[in-house]
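Participant: Read off the chains here:
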Amino acid sequence: MIDEATLAGGFERALRAHGVDAGTRRAATFAETLRRLPPAGMREVYWRARASMLPSIDEVDAFHAAFLEFFGALDDAEALRRLVQGVEPPARREAGEAPKRESVPPRPSEREAGERVAQRAPTQLVLAAVDERLADRAFDELNDAERAAMLRLMRRVRIAAERRASRRRRVASHGDRFDFRATLRGAARTAGELVRRRATRRRTRLRPVVFLLDVSGSMASYARALLQYARVTAQARPAVRAFAFATALTDLTPLLRRASDERLMAALGEAVRDWGGGTRIGAALRAFNDRYAQRGAARGGTVVILSDGWERDDPALLAREMARLRLLARRIVWVNPHRRHPAYEPLVRGMAAALPYLDAFLSGHSLRTLEAVADAIEGREG
Amino acid sequence: MPNAVDVAELREALLRAGYVADAGLATALACAVTLERAVLLEGDAGVGKTDAARALASVFGAQLFRLQCYEGLDLAAAAYDWNYGKQLLAIRAAEAAHERTPDLYADDFLIRRPLLAALGAPRERGIVLLIDEIDRADDEFEAFLLEFLADYALSIPERGTIAAAHPPIVVLTSNRTRDLHDALKRRCFYHWIGHPAVEREIEIIRMHLPGVAPALAADVARGAAALRARELRKPPGIAESLDWAQTLQILGAGRLDADVFEPSLGSVLKYPEDVEAARAAARDIVAAARGERTA
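Which chain is which? The protein sequence lines are A and B, in order. For the first sequence, our numbering gives the first residue as 56, with consecutive numbering after it. For the second sequence, our numbering gives the first residue as 134, with consecutive numbering after it.
Next up, chain B with everything else stripped away, as it sits in the complex (with noise of 0.2 Å):
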């Protein structure tokens, strides 16, 4: 068993990543790491899920394998295919030359895709695997990644079994489209991410944004949430505050006015009515943000 990774250290580390983790956040990756077991992180979209694997890859300085899932999502996709021009060519060359047929199952003509790439970490912790909006795939897929889960290994009909020696750390994402079945839930750690409190959004938008005035990155972060307080169809993440953000800074603003806040809206919501609902309540949702009265 790897050594224990501390939930403290790996929160500083996800720091100087780039990406400000919770204490909630932070001790599920290190609960993942440390027992080498999946973690699923829930969330709305933009809240940051992908980014959260993308730094802990460069936290351990790991290679990051991502799998994005949709339905019909396969093995060929997923998992490995056969180079089927390069196996042809083999046959017909060995035949032109009076050979043998050469194996035509030997690594040559393997391609290996995520899940297997996945298997095949040189040292401990040395690849993150990614397997992003999990609940985009199909039962079937799901059905085979329990397998897969349960011990880091994959069979390959004319290859036999090809096992992990250095187990992956793997990150499954979710937008909640489904429910995802239990078994699977029940070998992962679980995390939902919520949006971030006003202080942590602050910190996110000057960490990614260190041309942002402090004052106009403290708007952003009230007026966000003052946005997602309201009834909208789609509340904005933090990857819609940072756009905003970098609007306005774009626009030359030094704190969030009456004057830019119309003109901007189009980079933090997405939906003609949610724009329509926020144009209506601009005077409240200004002020909000500017820390003058709540909304």
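Same shape as in the complex, but just chain A (with noise of 0.2 Å):
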């Protein structure tokens, strides 16, 4: 028998070798785990491993290959694989639950959405004369060089970041709500007298920005500035998460901040290949409501759409999502392209259908534009 360290090492490299990045420090918890509670048989290995090694549910198929391959070399590799079968599916449709906090939601507003959707001067761009021809270069139109020099100046483009106040609270000289314990603690030095005020302010937060990003066809290429620009918010302030969808959702977020350029790009070149012509935007949305936006992602803060509004389903599920989107989010952006020329008019089924229920509707397909972007996230007429 290998004792218990060597075996919960062993098991935890067995998991990073697929992906799941358990830790050394869940592997002693594991190791100590197989000491203290000595498994009769494989079944309640399977347990004690998963209590103790398993991140998130999420990983939990990732977890079962890691299982099988490494304890199916010690043991029977068939009776493990009917064990791990026969493990209750966990229920992977996440409907969440209803909103409960701060749920008056934004009144749409009573303008008609192309006033609303009103022309925007991008505010001023700090460019050395050199970039200056990039800045208003469409992002398909750029060569390789020319995309990794517009990569970089991405840097510069200021970030969006609204606040809304917190319900945390910090001591401030004029603040509006009382603070006992530092009043009696200054009253304690002057003989009990309360001599000095103390008081305590809300602190503000910033409200959260998504990033949903359309990946089918001619939008790849927008998409992969718009993820730049996600990566480079993120960097910078917390709250921003990104999606990728075209038939279906991925969740970028966990790569936005940390992973390599490369990574984060081929995490999107992967969610492209799931693009077999036609998009479900209705359905992309639907499952990010369901998942994410109901549970709180998105709620008072901003979510911008890049897309060019091509449905292949039926534009009442797109709208019928818009309108739940409209009640969990506090703005919705729409970025698409196309808008930049003239005589552009949205008259794609699945644009039509959006169009009732956005806040903003921007072209987007140049740095200089991406600037507009960054105001209507906080609301601002540009």
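To be clear, the hints were calculated from the coordinates, so they are not data collected in a lab. Glycine included, C-beta positions come from ideal geometry on N, C-alpha and C. Hints are supplied without guarantee of correctness; some may be wrong.
[To be verified] The calculated label-pair distances, taken between Cβ atoms and stated as ranges, are:
1) B:199 x A:272: 50 to 60 Å
2) B:332 x A:73: 45 to 55 Å
3) A:218 x B:314: 20 to 30 Å
4) A:98 x B:286: 34 to 44 Å
5) A:72 x B:276: 30 to 40 Å
6) B:139 x A:79: 20 to 30 Å
7) A:396 x B:208: 31 to 41 Å
[To be verified] Output of the computed footprint for chain B on chain A, the stretches with three or more beta carbons under 8 Å from beta carbons of chain B:
8) 80 to 86
9) 107 to 116
10) 221 to 233
[As the list claims (entries may be wrong)] Derived SDA-like pairs: lysine to any residue, alpha-carbon spacing no greater than 20 Å straight-line:
11) B:403 x B:387
12) B:219 x A:403
13) B:219 x A:346
14) B:403 x A:238
Grab the two chains, each in its own frame, and use the hints to assemble them into the complex.
Facilitator: Listed below in structure tokens is the structure:
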């Protein structure tokens, strides 16, 4: 019998090979668990391993693969397979619960969408003369060298950061709420006389921003650019999420901050591969609403959707999900690069279905127009 | 180190306490209690996360402290606060009697909130601390909790560090409205509570509602499973199945049939769209619930 620490360490490496980052602390916990609660049979090993080594239910498939590979080499592999298959499959479809807090939804403006979508003058983008020509070029017209330069320049685009009042408070000389604790602590020093009034004021927090990027067909190069913008934003401030969609929804958020450029773009490439002609925007939105927005991912924040609005399915589903999102998010910004053409009209059925629910409808096709997107995220009329 | 808790025995004991746990949940709880480490329970609303902590407390005869999380939860609400009114009076009283100002930070003036109270277990496994819906708290609180869970101690500036003689059994729950920091998750055992299998759900219904006929309990469990298999905004949890079974019982139904299905839907589905969808598929769902054919 190998000792527990070796076993746990080996399994931790097997997990890592399958992309599950459990870490050495969990491995140490697993070893201790095996020592304190010696398992009788593989079924018990399985549950002890799962309780101590599985970081999240989302990774259970990879966990099973690693478990079969690692323990299959030590034990009867076929019996293990039956064991893993016999484990009650977790409910994977995650419909969230109803929104519970601060749920006064922003009212959709009474004005017509076309009116609300005001023309925005781009705010100042500080660029050297050499970069100037890149600022107005559409993202899908760039060659590789220019694209690399553009990604670097992305850091200079203004980061959208809108604040709201938090429920946390901090000491402030002119706060709006009396601070008993601090005042009394002061009073103890002045023989019980309340000499100095102390108060607290609400802190502010950044509102969440969610990017939903359509990666189908002609949108891919714009998705790359906007993903880079999401990344720059996420590196500068918290509460930024990004998703790619074509027919299914992929969460890119875990990669946004730390992964290398190559890894991030490769993940986007994976999402593109799932595109088999035609986009299911409504279905992707529905998945986003069910799994994320309804649980609060977009609450009080802005959702930025990049898409040309070519919907393969029934646009009624898209309209229904937009209406839901309208109630869950504070603001919805739609970025459609085709809008840069002066003669553009939102005739595509999907686009027409979504239009009534938008707060802003922008082209966002170049570095300069991204500034307008930053304004729209903050709800500023550019 | 306290004695190890046997998984099978714990499962039995939970059952006696009125909680039906599967092997995975029983293992996670047994590990957490044995190793004196927190356990994080995740799952959809209404699958019995909070009840697991209650049952655990009853198994060990422990006192239960529950901390409901919300954004902005701070130390004054979670850990401790000072009784300012009392402090002020003490100062005035001492002044009137021409005495020295009393120690304003003595035990008398300390208000113990759940986290601090949970450190005062009189014996081993004497307290269960339930930190409910940790996903609703903010990053600052999570960071604080990290310290708290590392050594089951709290430092109060006016008093110094207060450490637990016997660490509490800590249960955290999350509905996954957001991702928790991995640093926190690494310190916990983890279990995802899924929707129960039909047999387990029948067991749960009959345990909680002994008055419900076995045939009706089975219908409700199968019916709930059929509803969960559909695309609903809020699939029913165990709490909803129990409500449903009770409603049907009050309606005087011996089995689930088309006559009582529609009128009782409000007890199990919480969105008008979901009720509409279930109504449209009423025939299939009722048939599945009665075990006649699958929906």
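Participant: Now tell me if each hint is right for this structure.
Facilitator: Hint by hint, here is what the structure shows:
no.: 1; hint: B:199 x A:272: 50 to 60 Å; verdict: holds, 52 Å
no.: 2; hint: B:332 x A:73: 45 to 55 Å; verdict: violated, 32 Å
no.: 3; hint: A:218 x B:314: 20 to 30 Å; verdict: holds, 22 Å
no.: 4; hint: A:98 x B:286: 34 to 44 Å; verdict: holds, 37 Å
no.: 5; hint: A:72 x B:276: 30 to 40 Å; verdict: holds, 31 Å
no.: 6; hint: B:139 x A:79: 20 to 30 Å; verdict: holds, 28 Å
no.: 7; hint: A:396 x B:208: 31 to 41 Å; verdict: violated, 57 Å
no.: 8; hint: 80 to 86; verdict: holds (count 3)
no.: 9; hint: 107 to 116; verdict: holds (count 6)
no.: 10; hint: 221 to 233; verdict: holds (count 4)
no.: 11; hint: B:403 x B:387; verdict: violated, 24 Å
no.: 12; hint: B:219 x A:403; verdict: violated, 69 Å
no.: 13; hint: B:219 x A:346; verdict: violated, 48 Å
no.: 14; hint: B:403 x A:238; verdict: violated, 47 Å
When each numbered hint is compared with the structure, violations occur for hints 2, 7, 11, 12, 13, 14.
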